[in-house]
Amino acid sequence: MNRKGLLLLLLALVLLLSCLLHIHLTEVSSSSAAQANVLWWEFRFPRLMSALLAGAGLSLSGLLMQNLFRNPMAGPYVLGINSGASLTTALLMLGGFPWMLHTIGLVGSSLLGAFLAAAFMFFVSWRVQQTTGLLLVGLMFASFTGSIESVLQSWASPEQVKQFFLWNMGSLQQLSAAQVPWLLTLFTAAVLWSLLLIRSLNAFVLGQDQAFQLGVRTQRVRLSMLAITALLAGSITAYCGPIAFVGLAIPNLGRQLLRTQDHLLLILFCLLFGALFLLACDILSIYLDSYFSLPINVLTSLIGAPYIAYLVLRRS
Amino acid sequence: MISFQHTVIGYQRPLISIENLTLEAGKVYALLGLNGSGKSTLLKTLAAQTPPLGGALTLNHYPVAQLAKDGNLRAQQIAFVSSRFDGIEHLSVFEYVALGRIPYLTVFGKVSAEDQQMVSETLKELGLTHLTHKRTKELSDGEKQLVSLARAFVQDTPVLLLDEPSSFLDFLNRENLLLALLKWVSEGQRCVLLSSHDIDLCLEHNLPLLALAGGQIQELLALDKKGVVSVLLKGAAH
Numbered sequence: 001m002n003r004k005g006l007l008l009l010l011l012a013l014v015l016l017l018s019c020l021l022h023i024h025l026t027e028v029s030s031s032s033a034a035q036a037n038v039l040w041w042e043f044r045f046p047r048l049m050s051a052l053l054a055g056a057g058l059s060l061s062g063l064l065m066q067n068l069f070r071n072p073m074a075g076p077y078v079l080g081i082n083s084g085a086s087l088t089t090a091l092l093m094l095g096g097f098p099w100m101l102h103t104i105g106l107v108g109s110s111l112l113g114a115f116l117a118a119a120f121m122f123f124v125s126w127r128v129q130q131t132t133g134l135l136l137v138g139l140m141f142a143s144f145t146g147s148i149e150s151v152l153q154s155w156a157s158p159e160q161v162k163q164f165f166l167w168n169m170g171s172l173q174q175l176s177a178a179q180v181p182w183l184l185t186l187f188t189a190a191v192l193w194s195l196l197l198i199r200s201l202n203a204f205v206l207g208q209d210q211a212f213q214l215g216v217r218t219q220r221v222r223l224s225m226l227a228i229t230a231l232l233a234g235s236i237t238a239y240c241g242p243i244a245f246v247g248l249a250i251p252n253l254g255r256q257l258l259r260t261q262d263h264l265l266l267i268l269f270c271l272l273f274g275a276l277f278l279l280a281c282d283i284l285s286i287y288l289d290s291y292f293s294l295p296i297n298v299l300t301s302l303i304g305a306p307y308i309a310y311l312v313l314r315r316s
Numbered sequence: 001m002i003s004f005q006h007t008v009i010g011y012q013r014p015l016i017s018i019e020n021l022t023l024e025a026g027k028v029y030a031l032l033g034l035n036g037s038g039k040s041t042l043l044k045t046l047a048a049q050t051p052p053l054g055g056a057l058t059l060n061h062y063p064v065a066q067l068a069k070d071g072n073l074r075a076q077q078i079a080f081v082s083s084r085f086d087g088i089e090h091l092s093v094f095e096y097v098a099l100g101r102i103p104y105l106t107v108f109g110k111v112s113a114e115d116q117q118m119v120s121e122t123l124k125e126l127g128l129t130h131l132t133h134k135r136t137k138e139l140s141d142g143e144k145q146l147v148s149l150a151r152a153f154v155q156d157t158p159v160l161l162l163d164e165p166s167s168f169l170d171f172l173n174r175e176n177l178l179l180a181l182l183k184w185v186s187e188g189q190r191c192v193l194l195s196s197h198d199i200d201l202c203l204e205h206n207l208p209l210l211a212l213a214g215g216q217i218q219e220l221l222a223l224d225k226k227g228v229v230s231v232l233l234k235g236a237a238h
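Protein sequence lines, in the order shown, are assigned to chains A and B. Using our numbering, count along the first sequence one by one with no gaps and you end on 316. Using our numbering, count along the second sequence one by one with no gaps and you end on 238.
Incorrect hints may appear among the rest.
Cross-link-like lysine-lysine pairs, in silico, PhoX-like; alpha carbons within 25 Å at most [claimed, not checked]:
(1) K44/B with K27/B
(2) K44/B with K4/A
(3) K134/B with K124/B
(4) K183/B with K226/B
(5) K110/B with K124/B
(6) K234/B with K4/A
(7) K27/B with K226/B
(8) K4/A with K110/B
(9) K234/B with K110/B
These are computed hints drawn from the structure, not numbers from a lab.
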């Protein structure tokens, strides 16, 4: 316990230092204090918050999906929850449903897509018992929504296509100052909700039958896990675009480093390290910015994909 | 401890009907039956996973419907050991056994010092102390089975159900498992029901036998192996 606690403490410390570094790096010279103030609240602070909340939130939702499906290769991206959010966003941006933009907006439509995809996967998980089958359905779903997005793109105007393309690459600079409280509220609600599930999550490690024998209301917990994932993945995808591999890689790293299935420790790890990982990616992209500009999705995939491949190779 | 009254058991359609049967505390009952006779369905019904189709069924005076609804009550009354535990990655034996305390923990799942001591003592009693820090994935089949028994013991319930616990064990571990169960029921108001195909082992330890055949349960008294087999076959022929 002490070694694990120490690791988490160290992680918190590194995260704090990285925040300071990020704040330092995004600083630009400004002529007046008022201008500096605007720059901070409108650009630098939302960018910092995007990195922290998206990293932490996606990792947490990955942890929940891996627990629910009892498969370390599960995650919001692989299970098509991002794809659902992506599809509804494409419909909004490319399909030209102006009424949608006015009524529910980008976030609403993204959340709707995430919830629909989560509900779809929940239904499929009743029919398809094998997790490999389930992951394949998720991948097929992602491929399917991708195709629909392509069709929509061929109809849309070049302006719309460009807007969607940029969103699709993922970015930590799209979150506006006014949106920060929204994302923060959704994120906090999701984290608090998952903290209330810790005991059930620990029981779920043994499978749903054994969890039931240990007194868990399995049906309710399953639904809660999917709802939390949809809430996190949906809102983050809306504001930052689809960000790959964070949700898949970070929980695996947590189990590997902490060597535990205690979900209190794993949740804390995912929140801290997820935030740190995306922040570090952003810091890297700031450093590289003078040479070439790298979208955040490219960076997370460059680091995340080889790690996941290594995990798969090690297991077999 | 477990009482059936005109109980009809089955999944969607009736499979077993039990007129009147009471399993007493302090005993390890063996449930015998051919494949497909309904042993697993019966155990699932007792574990409150599948509701009975009719009649009354109580465990330690609680109706099974109440146990199905109230999670903590259920988990404090009934423990279930399935026939196979495959081990779980990154989960140590100590952590695994401590999961048996879940029904007694707060939502945050914090295991108290008392709980930890209980886990250590149970592991010691089963002669498993040397496995405490081992990963559950690295255990042998026999060790996995004994460790899941430890988890069920730690759950500290009056009723313990085991689904073919000896299938993957060698003769030495079978003996150890049964001795541990007999000792456990002798220590309090507890009742064990295990399903098994190992007639020899059950007879050797003089376990009260319940034969499940042809949709009926029969208590077998003072029979040898030949007698038991003929009851099972005769029931199945109906």
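Okay, the hints, checked on the actual structure:
For a cut-off of 25 Å, the pair hint linking K44/B to K27/B stands: about 20 Å separates their Cα positions. At most 25 Å may separate the alpha-carbon atoms for a hinted pair to count; K44/B and K4/A exceed this at roughly 38 Å. At most 25 Å may separate the alpha-carbon atoms for a hinted pair to count; K134/B and K124/B meet this at roughly 15 Å. Between K183/B and K226/B the CA atoms are separated by roughly 28 Å; this puts the pair beyond 25 Å, and the hint is violated.
The suggested pairing of K110/B with K124/B holds, with an alpha-carbon distance near 22 Å, which does not exceed 25 Å. With a C-alpha separation of about 60 Å, the suggested pairing of K234/B with K4/A is violated against the 25 Å cut-off. Only pairs whose Cα atoms come within 25 Å are accepted, and K27/B paired with K226/B is accepted, the gap being roughly 24 Å. Of the pairs offered as hints, the one joining K4/A and K110/B holds, with about 15 Å between alpha carbons and a cut-off of 25 Å not exceeded.
Of the pairs offered as hints, the one joining K234/B and K110/B is violated, with about 52 Å between alpha carbons and a cut-off of 25 Å exceeded.
Checked against the numbered hints above, the structure violates hints 2, 4, 6, 9; every other hint is satisfied.
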